[in-house]
Amino acid sequence: MPLKFALVGNPNCGKTTLFNEITGSTQYVGNWPGVTIEKREGKAKKIQEDVLIIDLPGIYSLSPYSMEEIIARDYIINEMPDVVINIVDGTNIERNFYLTIQLIELGVNVVVALNMMDAVEAKGDKIDLKILEGSLKVPVVPITASKGKGVTELLEKALNVAQTAAAAGGSPLLQEIHNESIVASIEEIENRIIPTLESKVQNPRWTSLKLLEGDEKVQEALKVSVESLNQIKVYQEDLEKKFDMDIETIVADSRYRFTTDVTRKAVKKKAQASDLTISDKIDKVVTNRVLAIPLFLAMMFGIFSVTFGTVGSSTIDFVDGLVNDTIATFVLSLLEGAGAAVWLQDLIVGGIIGGLGSMLVFVPQIMILFFFLAILEDTGYMARAAFVMDRLLRKLGLSGKSFIPMLIGFGCTVPAVMSTRTLENEKDRRLTIMLVPFMSCGARLPVYALYTAAFFANNQTMVVFSLYLLGIAVAVLSGVFLKKTILKGEVAPFVMELPPYRIPTFKGLMIHMWDRGKGFVKKAGTIIFAAAVVIWFLQYFNFSFQAVSEPADSILGAIGNAIAPVFAPLGFGDWQSAVALLTGFIAKEAVVSTMGILHGVAEATESSTDLITALRTVFTPLTAYAFMAFSLLYLPCMAAFATIKREMNSWKWTLITVGYSTGIAWVVAFLIFQGGKMMGFN
Amino acid sequence: MILWEVSDLERTLKELKTGEKGVIIKVLGEKGAVKKRLMDMGMTSGAEVLVRKAAPLGDPIEINIRGYELTLRKAEAQNIIIK
Ligand SMILES: Nc1nc2c(ncn2[C@@H]2O[C@H](COP(=O)(O)OP(=O)(O)OP(=O)(O)O)[C@@H](O)[C@H]2O)c(=O)[nH]1
Ligand SMILES: [Mg+2]
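Heads up: the protein sequence lines correspond to chains A and B, in order.
In terms of the working numbering, the first sequence opens at residue 1 and continues consecutively.
In terms of the working numbering, the second sequence opens at residue 1 and continues consecutively.
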């Protein structure tokens, strides 16, 4: 059995950075609270011993109010890790210790890792470790996780604790943390109530404290009788009368009194609270009354101009030349030389290289987009954006926190939907999940890139930007609409920490870009590859499995022709578009690879797969725009669908989400096409 | 529910202007997730707060408390009594 060390700490204190450092993995790190939302395990690589490290979501407390807190708490209580490594942000000790104290109350083996020591030094603060260890009665190890400093010492300390410490029964510190009246009540409960409980209590001290606090999860788990609850109520009311506060406040107050006291003794801060830090100076611009919103828009516009402008499109030309000319010609000559059958040549060159190639050319562009989003995440801008946008989002009944999933949604809907877990309120979460798919994700980018190159070559960036804005506009209107109809509810509260700005590390940015970008390459090699082969077969044969001369007579042609009338009022009633949109459910970028096969196949054997020229014969600028708008808004891809189902935990809501977005997509594309036609566009 | 009379010396956090300081006396409101979150974030009696700034549209506000930056809405700030 390996030893288990769990990483527990406040959001954004560097748990995942430390996890990556110890295990050599590359998990997602970001400078905003709530990056990690799922438990992750990894083997420690830095030491000989067999140790399993567990990264948990960040929490502020062990109270039972948010999903992460319950997950972390249940993990610690049920899985009983050998050591809890409590990561503490050294620049923010007073608040971080609030959780530390609760871990100590719990009576588990705690080792405190005092992180961000580089930042502490840079600020000129002095921390007396002896005083900290003396007051907390647990080992404290200073580390700088981002540079790997102090990590080996930390692991050695933790091993030491795991091997020597006897299982801690109660916490000797309780008396020192809490005042006499609280301790007295805890002892009363421990002596009078705990023995009467049916189930055996692992940790009577902590359980008594939780019962005194009125923790409903503990009451439920232990099936505390009504009688006992009434008795506990008497203790609670006694204290409430005495301190003139409710019981939760009394206990929280008492804990903070202790942390303030320890911090005051051990930490000498150089700067005053009112001194302006570098972050404050940056904020003078970023969250400026006048500049904040224009700056945000300018930044997004800047990102898209680079992604779609000269830099981005030069990567397209490069990969396009490589895949569709060099490789395709080479493979074709090989196949011809080997005397392969014509249909096989066609499958490989037209179906696989043509289909995947037309999508793969956009991967560098997607990477560029992810690179910029990574910068936003790593610098600390995310939390500022939430701060700036809260007022506007409240009009939709949401809070600024919902803005973070939406920004992540510009990269990929899947992690964006998962990151809604940090929202406290179930209704907000639901609404945010319903709106996130309207944020145009990276997989839609190939569709835009292809169509704008074909029809709007002169103002590609503007057209693409307008699509992003269209997505946002639809999300806003949908938010107002849904909040007024099926998702009525209270206004969500907004209480959030603003982390200091940090300079992103190169490693961090690369991990981000790769983590989110590799999915596209993987998808291309697996499901899109499979889809390309299936699509190729379906368009090559008819129902009696004879090769057809006209793809329209094929199986796929028949399917496409059957559904095409649905899209006719939107301006793209050809069977190829219908089929391409169907395959978009597999992955949105498959729309492009399917188009590549269906429009490129005829000429493929003549070694020219000019998809753009082919599209120009089918679409006009107006129908192309309607098609892009439809691709943006209609049903999310399979992976997003599965994630939405998992996070909503309800088929009903998942189907509502999908039905709603597809309905909206149809209406919007209809308005664009019919409206545009009336105004004389084509 | 304990009613709270706001005396002359006391104000709510909402009334503090940018750059002003105060000490928290009490957090009003029903027991529940919001109040608990405020307390977990360090809004308990005796904590010093400094109003850093307001968001571009006037709300929410950013405060410095216990050595870090926290943002909350005026609606929540109204429940925090300071002196
Ligand atoms: N200066 C400095 N920054 C650090 C250090 N460790 C982590 N960071 C930064 O702190 C931020 C948060 O790091 P994460 O590892 O994502 O924090 P986390 O605790 O996993 O956060 P959640 O998953 O949101 O709970 C990132 O921007 C890191 O680069 C450190 O030792 N020094
Ligand atoms: Mg993390």
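A few of these clues could be false.
[To be verified] Simulated coverage check for chain B against chain A, where a stretch passes if three residues somewhere in it have a Cβ under 8 Å from a Cβ of chain A:
1. 9-20
2. 30-38
3. 46-55
No lab work stands behind these hints, which were simulated from the structure alone.
For every residue, glycine included, the Cβ atom is placed at its ideal position computed from N, Cα and C.
Evaluation of the provided hints:
Figure legend: the segment 9-20 of chain B, annotated as covered by chain A; annotation inconsistent (1 residues with Cβ-Cβ distances under 8 Å, at least 3 required). For the segment 30-38 of chain B, the stated coverage by chain A is satisfied: 7 residues place a CB nearer than 8 Å to a CB of that chain, which reaches the threshold of 3. Only when three residues or more bring their CB closer than 8 Å to a CB of chain A does the claim for the segment 46-55 of chain B stand; here the count is 7, and the claim holds.
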